[in-house]
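Asks: With chain Z's structure known, arrange chain B on it following the hints.
Going down the list, the sequences are from chains Z and B. Just so we're aligned, residue 1 is where the first sequence starts under the working numbering, counting upward by one. Just so we're aligned, residue 1001 is where the second sequence starts under the working numbering, counting upward by one.
It should be emphasised that the hints constitute simulated quantities derived from the structure, not laboratory data. Errors might be hidden in some of the hints.
[Unchecked claim] Derived CB-CB ranges, DEER-like:
(1) 399/Z to 1337/B: 33 to 39 angstroms
(2) 491/Z to 1440/B: 47 to 53 angstroms
(3) 491/Z to 1242/B: 38 to 44 angstroms
(4) 1242/B to 124/Z: 53 to 59 angstroms
(5) 348/Z to 1337/B: 31 to 37 angstroms
By construction, the Cβ of each residue, glycine as well, lies at the ideal position given by its N, Cα and C atoms.
Protein chains: 2
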Amino acid sequence: MMTNRHRAFAAVRQHAGMDGAIPSPATTCERWGLCELAFDAPQAARTANPFLDVDLQAVFSDGATTLTMRGFFDGGSTWRLRFMPPVEGRWSWRTSSTAPELDGLRGTIMATPPADDNHGPVRVAHRHHFAHADGRRHVSVGTTCYGWTHQPLERQEQTLESLAAAPFNKLRMCVFPKWYEFHRDPPLHHAFLRGADGRLDWGRPDLAYFQLLDRRIAELARLGIEADLILFHPYDNHDAPAAERWGYDEMPAWAEDAYLRHLVARVAAYRNVWWSLANEWDIMKAKTPEDWARFARVLKAEDPYGHPVSIHNCGRMYDHADPAISHVSAQRIDTVRTSEDTVVLRERFAKPVVWDEVAYEGDVCHGWGNLTAEELVRRFWEGMVRGGYVGHGETYAHPQDILWWSRGGALHGQSPARIAFLRGLVETCPGPGIEPLPGDWDAPLGGCAGAWLLQYYGFNRPRWRWFRLPADGDYQIEVIDTWNMTRTPVPGVHRGNLRVELPGRSYMAILARRVAATGRPNASAPPRAAG
Amino acid sequence: MMTNRHRAFAAVRQHAGMDGAIPSPATTCERWGLCELAFDAPQAARTANPFLDVDLQAVFSDGATTLTMRGFFDGGSTWRLRFMPPVEGRWSWRTSSTAPELDGLRGTIMATPPADDNHGPVRVAHRHHFAHADGRRHVSVGTTCYGWTHQPLERQEQTLESLAAAPFNKLRMCVFPKWYEFHRDPPLHHAFLRGADGRLDWGRPDLAYFQLLDRRIAELARLGIEADLILFHPYDNHDAPAAERWGYDEMPAWAEDAYLRHLVARVAAYRNVWWSLANEWDIMKAKTPEDWARFARVLKAEDPYGHPVSIHNCGRMYDHADPAISHVSAQRIDTVRTSEDTVVLRERFAKPVVWDEVAYEGDVCHGWGNLTAEELVRRFWEGMVRGGYVGHGETYAHPQDILWWSRGGALHGQSPARIAFLRGLVETCPGPGIEPLPGDWDAPLGGCAGAWLLQYYGFNRPRWRWFRLPADGDYQIEVIDTWNMTRTPVPGVHRGNLRVELPGRSYMAILARRVAATGRPNASAPPRAAG
Chain Z
1 MMTNRHRAFA
11 AVRQHAGMDG
21 AIPSPATTCE
31 RWGLCELAFD
41 APQAARTANP
51 FLDVDLQAVF
61 SDGATTLTMR
71 GFFDGGSTWR
81 LRFMPPVEGR
91 WSWRTSSTAP
101 ELDGLRGTIM
111 ATPPADDNHG
121 PVRVAHRHHF
131 AHADGRRHVS
141 VGTTCYGWTH
151 QPLERQEQTL
161 ESLAAAPFNK
171 LRMCVFPKWY
181 EFHRDPPLHH
191 AFLRGADGRL
201 DWGRPDLAYF
211 QLLDRRIAEL
221 ARLGIEADLI
231 LFHPYDNHDA
241 PAAERWGYDE
251 MPAWAEDAYL
261 RHLVARVAAY
271 RNVWWSLANE
281 WDIMKAKTPE
291 DWARFARVLK
301 AEDPYGHPVS
311 IHNCGRMYDH
321 ADPAISHVSA
331 QRIDTVRTSE
341 DTVVLRERFA
351 KPVVWDEVAY
361 EGDVCHGWGN
371 LTAEELVRRF
381 WEGMVRGGYV
391 GHGETYAHPQ
401 DILWWSRGGA
411 LHGQSPARIA
421 FLRGLVETCP
431 GPGIEPLPGD
441 WDAPLGGCAG
451 AWLLQYYGFN
461 RPRWRWFRLP
471 ADGDYQIEVI
481 DTWNMTRTPV
491 PGVHRGNLRV
501 ELPGRSYMAI
511 LARRVAATGR
521 PNASAPPRAA
531 G
Chain B
1001 MMTNRHRAFA
1011 AVRQHAGMDG
1021 AIPSPATTCE
1031 RWGLCELAFD
1041 APQAARTANP
1051 FLDVDLQAVF
1061 SDGATTLTMR
1071 GFFDGGSTWR
1081 LRFMPPVEGR
1091 WSWRTSSTAP
1101 ELDGLRGTIM
1111 ATPPADDNHG
1121 PVRVAHRHHF
1131 AHADGRRHVS
1141 VGTTCYGWTH
1151 QPLERQEQTL
1161 ESLAAAPFNK
1171 LRMCVFPKWY
1181 EFHRDPPLHH
1191 AFLRGADGRL
1201 DWGRPDLAYF
1211 QLLDRRIAEL
1221 ARLGIEADLI
1231 LFHPYDNHDA
1241 PAAERWGYDE
1251 MPAWAEDAYL
1261 RHLVARVAAY
1271 RNVWWSLANE
1281 WDIMKAKTPE
1291 DWARFARVLK
1301 AEDPYGHPVS
1311 IHNCGRMYDH
1321 ADPAISHVSA
1331 QRIDTVRTSE
1341 DTVVLRERFA
1351 KPVVWDEVAY
1361 EGDVCHGWGN
1371 LTAEELVRRF
1381 WEGMVRGGYV
1391 GHGETYAHPQ
1401 DILWWSRGGA
1411 LHGQSPARIA
1421 FLRGLVETCP
1431 GPGIEPLPGD
1441 WDAPLGGCAG
1451 AWLLQYYGFN
1461 RPRWRWFRLP
1471 ADGDYQIEVI
1481 DTWNMTRTPV
1491 PGVHRGNLRV
1501 ELPGRSYMAI
1511 LARRVAATGR
1521 PNASAPPRAA
1531 G
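Isolated chain Z (complex conformation):
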C-alpha cells in the first residue's frame, strides 16, 4: 500500500537506492533490505483496539536461522510484518496470531545479494569500534536534530538536504516530540491520538506520525545515516497547565511496553536503526532503574537483529557495564575536560565510547550550546585520536529559534567541513579503528601500532615536536592542519626519533604511515574491518 505521501518521496528513495525500503508486499528482497508483508484483516480491525487486542507474529527461517518478528496494525484493516533478511537465500515464513484471519499464513521470500551501498546493519566490532554486517568499518560521526520529525514537512526536507551535504553518518533523534527552550510549540504530529478527554491516548498511536517516521528512517538509510532513535526523553511540556501536559515522560508501564513493541515491530527491519533508551535518563524523575532494565528487556525480546542499544546521561553516567547496553553514549560531565576522558571510559566499560554530546557549536546563552567551531572540532579530535567517537550539534541563535540541534533545517557552522576532513582521515587507519597508543603526557597518540600513527596537539601550538617512530621501518610523515584541512608531507622517509617542524599554531597533528617495500604507505587500502 503506497499512500500519496509515500509517492511524494519515491524519487528521493530511488535516488538513494535503498531497495525494499518502500513498504510493499514482496517476495524478493535484498539482503539487509526491508521486506514487508501486508495483510488485510477486516475482522481483526473491528476489535475495540486493534493495536492492543490483536497479537501477530511471524517466524522466518532459512533452515539454519530462525527469527521471530512481531507484526503491527497500521490503520484501516492493514497489518504489516517487516523483515530484514540477514543472509541471502530462500526464507520461509509463517504467522501466528490471536486473530484467525492473521493466523497460520505462510509464504517464502528470496533474499538476493545486497546493493553496492547496502552494507548491512552496524554492530559493535572489535570491542571498541563499529562495523557494518558486511565488515565495512563504521567510523561513527553523528549529529543531533532531536525534534526534526516533528517540524513542518518543508523543514524536514531541508534537513535531509543538509544531511546529504554533511559528513554525518548517525543522527540522534527523538521519537516523541520535544518541548524545551528554543523549541516550544506543538509538534506536527503527536505520537498518539488524543482521547475523548483531550489527553493523549497511550493505547492509540498516531499512525500519521509513525508512517512519517518510517519514511524518515528509510531516507536516512539511503543517505548512509544511522537513525539513533531516542525512545524516551525528559523534555515534556512542563510549562503547560497540568491538563495540557503531554505526559510522554510519565506514561504508565503498560503503555511504555506497548509503544516499544509497536516501534520495534515497525522499524527494527530498517538496517540503520539504533536504540537510545533515553536522553538524559538521570533527569527523568518518574523512571526507576527497573524501568530502564525493563525497556532493555523489551528491546531484546522484540528486536531479533540486535541493533545497538545505548542510554545517554545528563550529569550522571549510566552503568554501561550492563550487558544490555552495546556502547557508551556519553554526555560530557565537565565543562572543560570532555572527550579527553575517552580512554578512561573505554577501559572502564570495554565498549565503544561515543561522545554524543560534548556541547555544540553555537552562540546561545547556555554553556552546552555556545562553543566555537574550533573548540567543537578540537573535542572531536581529542576523542577520536583516543579511539572514541564524537557527535556534533549546532545551536546558533536564530530569530525563529530554528536551531539545528532541535529542529534541523540548515547548517550554519564551520565545524562540519572539519569533521568531514577528520572522518576521511580516520577512515584510512588500517585495522578495526583507531586504538589509543602510548603517547606523550601532553599529546594523545592513536592509530594502528607500527603502521599508522596519529598524534594531536589540540590548543597547544608547538613549533616542533620530537616524534618517536619505530626504528625497524620507514615512515612517511604528514603535518596536518586540522582547522585549515591541509596535509603537508615531510619530504623523505623516516625512522627512529624525528624532529618535525610545525607552524606554531593550534590544532595541528602529525600522521606517520609505514611505507611498504614499494616505498608507498601501506595504509592506503580501503577501510575494512571484520564484522
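Replies: Leaving out everything else, chain B in the frame of chain Z:
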C-alpha cells in the same frame, strides 16, 4: 660597606625608593625596611671556616616584642646582622656569639614610619587571600624567571626593566642555578665555591652570588614584586659526567641546613621574600618527606617574620594541610582542566590557592610551554574569578634559547597586558579578595556577595546571558571583553533577573556593582583588607 657593584645599582635603588635596602650600618630605619648591622671581626675570620665555625645571633626588642635574628659571615672579616622592624619606635639589640669579638655587642635602632610605597611584608589574610602588613590587599599575579640571577648581568638588568613595565607582583626564582632544556650552560656564579677537588664545597657559599642575590631581592622590592625564592629544585646538571655534576639536588643534610640558615639570615629581613621549599618536589628523588619537614622547621626557627612558605608540585600535590605551609603553590596536573579546580583546593586546604604553573604562553615543543596567550589569560580568569591566584610564564622559542621563564630578558607575549587588565579589575573588588559565589553550572561567579559580582564565560561565546542580581538593590552592569580589554557599561541601573546582551565572542565577562544611594557604585574605594 658599599662595594663597587653595590654602587653601580645605587641609582636604580634610589629611583625605586626602598630605603634601608642598601646594606650599611644604620641607627634609624623605616618600619619594614631593611636595617643592617655590620661588624668587623678579624679573629673570627681566621677560623677554619667562618661560615660554619662562628655562631652569631642578636635579640631585638622594643619592650613589647622580641625577635631573634641570626647574623652571617659576608667575606673579609665582616659579619652582618639584618633586621626588619615590624613596628615603629625604639628597638634595642644585643648580640651573642661563639666569637668573643661578636659577643655582647649592643645598640639601638629607631624605626621610623614607612615610606608611602612600603606596605610591609605580605601575609595570608582572611584565609584565602594575601595582604601586606599595613592591610593593603596583595592580589598575587606572579611570573617566572627561574634562573635569572644566574644570567649575564646585562640580561638581569633587562629582566628588571621588563618587570618594571609588566603587571607582575611576584617572581618565582631559583636560588640555585638551573640546568634544564633550553638552559644548559654554566651559571654566572655558582652558589658555592669549588673545593680543591673541583667539586662545589657546600661549606663555602660564593658570596659574589649571594651579594648579587641580595641586590636583586631589593630591586624587586622597589618594583613592588615579591621574590618567591625556590630553595631547592631538581634541575641539576644530570647530563654532565659524574665528576662534573653540580649536586645541588643531593646535598648532605648538614649542608642543606647550613645553606638555609645562611640564606634566611641574609634575606629574611627583606620584606618581599617568600620561601618556596621546592619546585617540583615530587621529582626530587633524593629527598624524603622528613627532609621537607626539616627544611620547614629550619625556616620556622630562623625566620622571625613568618614569610609565606610553599612547596610546588610536578605531578603529585604536596599535602598542603601541613601547618608549615602557608598557601597552596599548585602546578596544574591535568593538561586541560587547570585553574578551574581552584575552589576544590581552597576548600580542601583552607589556604590561599596560587596556581604558580598553569603552563606558559609560548610555542616550544612541550605542552607546558606552548599555550596561546588567549588560553593562558583564560586560565588566569578561571582561577581568579574563583578566588584563587594565577602565575605567568613565557616560553617562546628563541634562537639563543633566551626564554623568559628560565632566563628573563624581554617579554614577547600578549598575555601580560591582559593580566594587567585583570589585576586592575580584581583590585577593585571590595573586601579581602574575590570569593567564589554560587553561580551557574557553566560559568563561575565570584566577588563580594551583594556588592561586586563578576561572572566569566571563558571559551564559551554566549550572545546573551541571564544575570541574576539581588532584588533588593540597584546595580550597574559592565560587559567586559577580557581579551580586548574593554569595559562597556549597560545603560541604567538594574536589579533582579537581567538579560545582558553579549557580542557572541569568547573571553567575555559581566561585572555587576551595587550602586550606593548616590547612584554611583559602592565598590570604587581603594582596595584594602585587614592584615
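Asks: All hints, please: hold or fail.
Replies: Okay, the hints, checked on the actual structure:
{"no.": "1", "hint": "399/Z to 1337/B: 33 to 39 angstroms", "result": "holds, 36 angstroms"}
{"no.": "2", "hint": "491/Z to 1440/B: 47 to 53 angstroms", "result": "holds, 51 angstroms"}
{"no.": "3", "hint": "491/Z to 1242/B: 38 to 44 angstroms", "result": "holds, 41 angstroms"}
{"no.": "4", "hint": "1242/B to 124/Z: 53 to 59 angstroms", "result": "holds, 55 angstroms"}
{"no.": "5", "hint": "348/Z to 1337/B: 31 to 37 angstroms", "result": "violated, 19 angstroms"}
Of the numbered hints listed earlier, the single one contradicted by the structure is hint 5.
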